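> Residue numbers (the working numbering), protein chains in the order written: chain A, 20 to 285; chain B, 913 to 1114.
What the hints contain is simulated information worked out from the structure, not anything from laboratory work. There's no promise every hint is true.
[As the list claims (entries may be wrong)] Computed, partial: chain A to chain B, Cβ under 7 Å:
1. 129
2. 139
3. 181
4. 185
5. 191
6. 196
7. 207
8. 256
[Said to hold, decoys possible] Label-pair distances were calculated between CB atoms; the ranges are:
9. 201/A <-> 940/B: 48 to 56 Å
10. 1020/B <-> 80/A: 41 to 49 Å
11. 143/A <-> 978/B: 46 to 54 Å
12. 249/A <-> 1057/B: 55 to 63 Å
None of these values were measured; they are calculated from a predicted model. Cβ coordinates follow ideal geometry from the N, Cα and C atoms, glycine included.
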Amino acid sequence: MTTRKVLIAALAVVVPIASAVADGGVFDEYREMMGDDNPAIFVIEEGEEFWLQELGPKQVSLETCDLGLGPGVVAGAYAQLPRYFADTDQVMDLESRLVHCMVELQGRDPEDVHAKPYSLRGDMGTEIEALAAWIADQSSGVPIAPGQDQPQERAMYDLGEQLFYYRAGPHDFSCATCHGQDGARIRLQALGNLAKHEDAASAYASWPAYRISEGVVRTMGWRMRDCFRQQRLPELIMGSEASVALQMYLAVNAAGAPMSAPGLKR
Amino acid sequence: MTIMKIKWAGLLAVTLVPIMAVADQTYDVLSQSMRAKNSVSMDRLTQDSLQAYCSKPRDEANYSTAAAIRESRLAAIAMPADGVFVGDWRQGHDVANNGRGLQYSDDPSQPNGGNCYACHQLDPREVAYGTIGPSLTNYGARGQSDVMLRYTWTKIWDTHAYNVCSHMPRFGAQGILTEQQIKDVMAYLMDPDSPVNRPVEE
Chain A
20 MTTRKVLIAA LAVVVPIASA VADGGVFDEY REMMGDDNPA IFVIEEGEEF
70 WLQELGPKQV SLETCDLGLG PGVVAGAYAQ LPRYFADTDQ VMDLESRLVH
120 CMVELQGRDP EDVHAKPYSL RGDMGTEIEA LAAWIADQSS GVPIAPGQDQ
170 PQERAMYDLG EQLFYYRAGP HDFSCATCHG QDGARIRLQA LGNLAKHEDA
220 ASAYASWPAY RISEGVVRTM GWRMRDCFRQ QRLPELIMGS EASVALQMYL
270 AVNAAGAPMS APGLKR
Chain B
913 MTIMKIKWAG LLAVTLVPIM AVADQTYDVL SQSMRAKNSV SMDRLTQDSL
963 QAYCSKPRDE ANYSTAAAIR ESRLAAIAMP ADGVFVGDWR QGHDVANNGR
1013 GLQYSDDPSQ PNGGNCYACH QLDPREVAYG TIGPSLTNYG ARGQSDVMLR
1063 YTWTKIWDTH AYNVCSHMPR FGAQGILTEQ QIKDVMAYLM DPDSPVNRPV
1113 EE
């Protein structure tokens, strides 16, 4: 372990406790101290290793995976997702596309790939998380531009909007309950009005993100799943239509702003 | 049926049908995109009529039938069986502070929280409060008249009886909190000794 890794590990334990007590303070200090050294850099490296690793029954890497800009093109690819893919006749986000490549190129069992896409608290990060960190980093500074030319892509946006306002469960929560007004917060957590460009942009551009409190990189798909958990609804399946639609809704609302992921979050 | 009523019924049918078709599609997508987990089953995705009514994007202000909904919900409020509205504010603090309950990550054997602090300021000494709802600090200054007791109980039981499509959960009507928990959180709001109603010492 490098000194820096030890420092990060130590802070990962201290910071969440402190930040639960007071807003900003310690978290801001930490961010200042780390500067551009987001701990996600280690996960990004790992993601590139996964991309190049020969895996699955076919023992091939993901290097020919088409993320939308052609086989193997990673630079700028994240920023133009979700988008329509003719080969699957589906609108896909990064996660569903990665699963597609793992199954089609590497010959892996879809069930295995889906078994544990996101790490649990205290675990090491997963392959999907590492790949997402690396791939998103390759779009850093690139304007968010999800597909909206195809009718399927526009339908996905409309569906995402419907989902955003869909109230259900014992608490009647929808995404809009928390993310439908300006300047609101839950406890100390700022929420953002995700129906509006400015707030959607700063939120969307920062995912995937390194979560200090959990010590792992979390993807935008994970963020959707965890919001549904708090809405008291069942578990959202990675890469599912609802997950893609909500990400499309946010990405279109955020369009034009530059990506700056992986972000750093409490 | 008068002609007026027939007109209204027709208008309702015309406007509700397309809304319901969209909601059905949204439901179908959600039910294919999720799986049951622990204590949370897929029937959570089914909307009741109020949820469906309050799920319209954008034009949330345009609720032509809100008055009728308000009335029917007001009629369904269950006031405390023993006529006692206020419990113990100390217990009420725990109800207001606890954000757990009914998530698949929660232990179903533990009591549900009301999570009032997620959305409201209450005790002025507590800095970690949300702002989705109005501040309730010093709520007790409004007194404990019969009207205030019934009003506050109703807001906590089912706020849509006054404010259709509010973002506040229906703690009583949906069975999130027990009658006793509602009494305790009532006390936390209204008891003069509760920290909610005690000013910060200089």
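> Each hint should be assessed against the structure and marked as holding or not.
Status of the hints after comparison with the structure:
Using the Cβ-Cβ criterion of 7 Å, the hint placing residue 129/A at the interface with chain B is not satisfied: the shortest such distance is roughly 15 Å. At about 11 Å, the closest approach between the beta carbon of residue 139/A and any beta carbon in chain B exceeds 7 Å, and the interface hint on this residue is violated. The criterion of a C-beta within 7 Å of any C-beta in chain B is met by residue 181/A, whose closest approach is roughly 5 Å, and the hint holds. For residue 185/A, the interface hint holds, since its Cβ comes within 7 Å of a Cβ in chain B; the closest pair sits about 5 Å apart.
A distance limit of 7 Å between C-beta atoms decides the matter here; for residue 191/A the minimum to chain B is near 6 Å, and the interface restraint holds. A cut of 7 Å between beta carbons decides the hint on residue 196/A: the least distance to chain B is about 5 Å, and the hint holds. Below 7 Å, beta-carbon pairs count as interface contacts, and residue 207/A has one with chain B at about 5 Å; its hint therefore holds. A least Cβ separation of about 6 Å between residue 256/A and chain B falls short of the 7 Å threshold, and the interface hint therefore holds.
At about 32 Å, the CB distance of residue 201/A to residue 940/B disagrees with the hint of 48 to 56 Å. In this structure, residue 1020/B and residue 80/A meet the distance hint of 41 to 49 Å, their C-beta atoms being roughly 45 Å apart. Distance hint check: the CB atoms of residue 143/A and residue 978/B are about 52 Å apart, consistent with the given range 46 to 54 Å. For the hinted restraint 55 to 63 Å between residue 249/A and residue 1057/B, the CB-CB distance of approximately 37 Å leaves it violated.
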